[in-house]
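Colleague: Sequence:
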Amino acid sequence: HTPTHPHPPNLSLSLPHPQMLRPPATIDRDEPLAVPNCDRPGPTLSFDGYQQHDTRLAGMISAPAEEVTFQGDLLQVQLVTVPSHITDADPEERGELLAAEKDLPWEVVHTRPLDAGGFAGTSVQVSELTPTTVYAARALQRHPEHGWSQYSPVAFGMTAKLALARQPWQDADAYNAARERNQGTYLERFRAMVEELRAHPRINVVTFQVEPPITDAELERVHHILGYDLHDSILAFFRQCNGLHLRWAYLPSGQAKTPEAPMPEPLTFHDGPETGVVSIPPLLRIIDSDYDGMLYFDWMNDDMTTFRGEEMCLLDFHMRLKPLDFFHFYHFPAFLLTHKAPYDPLVFMGSDHGASWDALPTDFHSYLECALALKGHSTRRANFYQLTGFRTADGADVLWTPAEYWDEEPRRKLDLDELVRFGGNDLTRYA
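The opening position of the sequence shown corresponds to residue 1414 in my numbering, with each subsequent residue numbered one higher.
Derived by calculation from the structure, the hints in this document are not laboratory data. Some hints could be false.
Claimed, not checked - FRET-style restraints, in silico, Cβ to Cβ: (1) Pro1823 <-> Ser1702: 43 to 49 angstroms; (2) Ala1587 <-> Ala1754: 15 to 21 angstroms; (3) Pro1672 <-> Ala1587: 40 to 46 angstroms; (4) Tyr1641 <-> Ala1605: 42 to 48 angstroms; (5) Glu1593 <-> Lys1753: 17 to 23 angstroms; (6) Thr1671 <-> Gly1560: 23 to 29 angstroms; (7) Arg1721 <-> Glu1817: 25 to 31 angstroms; (8) Met1725 <-> Gly1508: 28 to 34 angstroms; (9) Ala1512 <-> Asp1684: 29 to 35 angstroms.
What the hints assert, rightly or not - Listed next, the in silico SDA-like pairs over lysine to any residue satisfying Cα-Cα at most 20 angstroms (straight line): (10) Lys1670 <-> Arg1834; (11) Lys1753 <-> Arg1733; (12) Lys1753 <-> Ile1700; (13) Lys1753 <-> Gly1640; (14) Lys1826 <-> Lys1515; (15) Lys1515 <-> Pro1544; (16) Lys1670 <-> Val1619; (17) Lys1753 <-> Cys1726; (18) Lys1753 <-> Pro1774; (19) Lys1753 <-> Asp1586; (20) Lys1826 <-> His1613; (21) Lys1826 <-> Ala1605; (22) Lys1515 <-> Ala1502; (23) Lys1670 <-> Gly1837; (24) Lys1515 <-> Val1567; (25) Lys1753 <-> Leu1728; (26) Lys1826 <-> Thr1598; (27) Lys1753 <-> Val1811; (28) Lys1826 <-> Asn1796; (29) Lys1753 <-> Tyr1641; (30) Lys1753 <-> Thr1718; (31) Lys1753 <-> Asp1645; (32) Lys1826 <-> Pro1544; (33) Lys1753 <-> Leu1639; (34) Lys1670 <-> Arg1611; (35) Lys1826 <-> Asp1486.
Quick caveat: nothing in here was measured; it's all calculated off a predicted structure. Built from N, CA and C at the ideal position, the CB exists for glycine as well.
Whole structure, please, built from the sequences with the hints as guidance.
Modeller: Encoded structure:
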């Protein structure tokens, strides 16, 4: 599998003395040391764990380039596994709780003489990390007069699970049979999923709102606008509910649940703190809304684009996109209405506020099954579709993922207890 970050260059370190590899017994100053002629205490560390290959995880600890001057003589970068009682705390309190732990086994992962440039603009690779683990990274500097001090604030990072390969179904007959078998229970299964969310002590359901089924007049209007009838697997959902809205949030330890509230009006692309959102508007709104100035602009009329091997006017392409779930303002799926099987249009997950549509497509049934399996988790849903390319490793060019796809490998689904254990962060990655 390919790392989510470029492989860093090998670091060749010349260490003055073996004892420099040992973490200092004490830190004289818990805060970064003030440095003359510098208006900030030091660079901010970031830590990110990613999959290097099937059985090993690596991570990057990095600091952005900044104009800083330091007067220490030695730099250490250290890493430690964060205790569970800290990972479970409010994110704003983790740094203070970690500082109070005086006997943590910090491990030195990088040591070097500290020159005027310090650690700024530098990355350190660490390997043999444990999957689904919360780590903290810190940088220390040794000053000839002041002793050891923190060179930067502590950075928290989490390692992903070993990536789950996306292996969609490719047998069209088997997929169509599964789709027909499961499409009659969409609403029933959404209700059951919401009850599971409500029952969890660390999950707060903010909104669950189900709209009445589509009327015959509304459906006739939709088909009149399109000029054809939509596929039964699409209509099955809107005949059960002509719109569905769910918002839920992870609750830090000690935070109380709040009463559920209606979905705010007018309905817009979501830009809130909730962990999981599904916001499917009525079918007529999906088909008949005007996205001029948001998805398409007049200047596009002069440009051409090639999409999945077909050359077309850029304006025409963007006008054929019909957003169907307003779960996030940056990522959102849309029907692409084309002359190829128009009654059963493909669904693409857009990114960059609707500027990019190069992810692998799915269809409406598989999209709903994904939303159910992942319990509406916004980031994980976007990640599942956002790996770009027109084929998976095994040759599929459409992500067919019926309910049976998620059942055959339970790790593909969202585990609420695991989500809570890692502070509301989902660590699963897909390849």
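Colleague: Indicate, hint by hint, whether the structure satisfies it.
Modeller: Right, here's what the structure says about each hint:
1. Pro1823 <-> Ser1702: 43 to 49 angstroms: Between Pro1823 and Ser1702, where Cβ atoms are some 37 angstroms apart, the hint is violated.
2. Ala1587 <-> Ala1754: 15 to 21 angstroms: Given a distance of about 18 angstroms, which is inside 15 to 21 angstroms, the answer is holds.
3. Pro1672 <-> Ala1587: 40 to 46 angstroms: Between Pro1672 and Ala1587, where Cβ atoms are some 44 angstroms apart, the hint holds.
4. Tyr1641 <-> Ala1605: 42 to 48 angstroms: 33 angstroms, violated
5. Glu1593 <-> Lys1753: 17 to 23 angstroms: Holds - the Cβ-Cβ distance for Glu1593 and Lys1753, about 21 angstroms, lies within 17 to 23 angstroms.
6. Thr1671 <-> Gly1560: 23 to 29 angstroms: Distance hint for Thr1671, Gly1560 is violated at roughly 47 angstroms.
7. Arg1721 <-> Glu1817: 25 to 31 angstroms: This hint holds: roughly 27 angstroms between Cβ atoms.
8. Met1725 <-> Gly1508: 28 to 34 angstroms: About 51 angstroms separates the Cβ atoms of Met1725 and Gly1508, which means 28 to 34 angstroms is violated.
9. Ala1512 <-> Asp1684: 29 to 35 angstroms: Between Ala1512 and Asp1684, where Cβ atoms are some 33 angstroms apart, the hint holds.
10. Lys1670 <-> Arg1834: 18 angstroms, holds
11. Lys1753 <-> Arg1733: Distance ~12 angstroms between Lys1753 and Arg1733 Cα, so the pair holds.
12. Lys1753 <-> Ile1700: Judged against 20 angstroms, a Cα distance of about 17 angstroms means the pair holds.
13. Lys1753 <-> Gly1640: 14 angstroms, holds
14. Lys1826 <-> Lys1515: Not satisfied, since the Cα-Cα distance of roughly 38 angstroms exceeds 20 angstroms.
15. Lys1515 <-> Pro1544: It is violated: about 25 angstroms lies between the C-alpha atoms, which goes past 20 angstroms.
16. Lys1670 <-> Val1619: 9 angstroms, holds
17. Lys1753 <-> Cys1726: 16 angstroms, holds
18. Lys1753 <-> Pro1774: 14 angstroms, holds
19. Lys1753 <-> Asp1586: OK: Lys1753 and Asp1586 at ~19 angstroms, within 20 angstroms.
20. Lys1826 <-> His1613: Answer holds: Lys1826 to His1613 is near 16 angstroms, not above 20 angstroms.
21. Lys1826 <-> Ala1605: 15 angstroms, holds
22. Lys1515 <-> Ala1502: Holds - the C-alpha atoms of Ala1502 and Lys1515 are around 18 angstroms apart, at most 20 angstroms.
23. Lys1670 <-> Gly1837: 15 angstroms, holds
24. Lys1515 <-> Val1567: Holds: Lys1515 and Val1567 sit about 14 angstroms apart, inside 20 angstroms.
25. Lys1753 <-> Leu1728: Holds - the C-alpha atoms of Leu1728 and Lys1753 are around 18 angstroms apart, at most 20 angstroms.
26. Lys1826 <-> Thr1598: Roughly 19 angstroms between the alpha carbons, so the hint for Lys1826 and Thr1598 holds.
27. Lys1753 <-> Val1811: 14 angstroms, holds
28. Lys1826 <-> Asn1796: The hint holds at about 13 angstroms.
29. Lys1753 <-> Tyr1641: Holds: Lys1753 and Tyr1641 sit about 13 angstroms apart, inside 20 angstroms.
30. Lys1753 <-> Thr1718: Roughly 17 angstroms between the alpha carbons, so the hint for Lys1753 and Thr1718 holds.
31. Lys1753 <-> Asp1645: This hinted pair holds, its Cα atoms lying about 17 angstroms apart.
32. Lys1826 <-> Pro1544: Distance ~17 angstroms between Lys1826 and Pro1544 Cα, so the pair holds.
33. Lys1753 <-> Leu1639: 14 angstroms, holds
34. Lys1670 <-> Arg1611: 10 angstroms, holds
35. Lys1826 <-> Asp1486: 49 angstroms, violated
Hint compliance for this structure: hints 1, 4, 6, 8, 14, 15, 35 are broken, all remaining hints hold.
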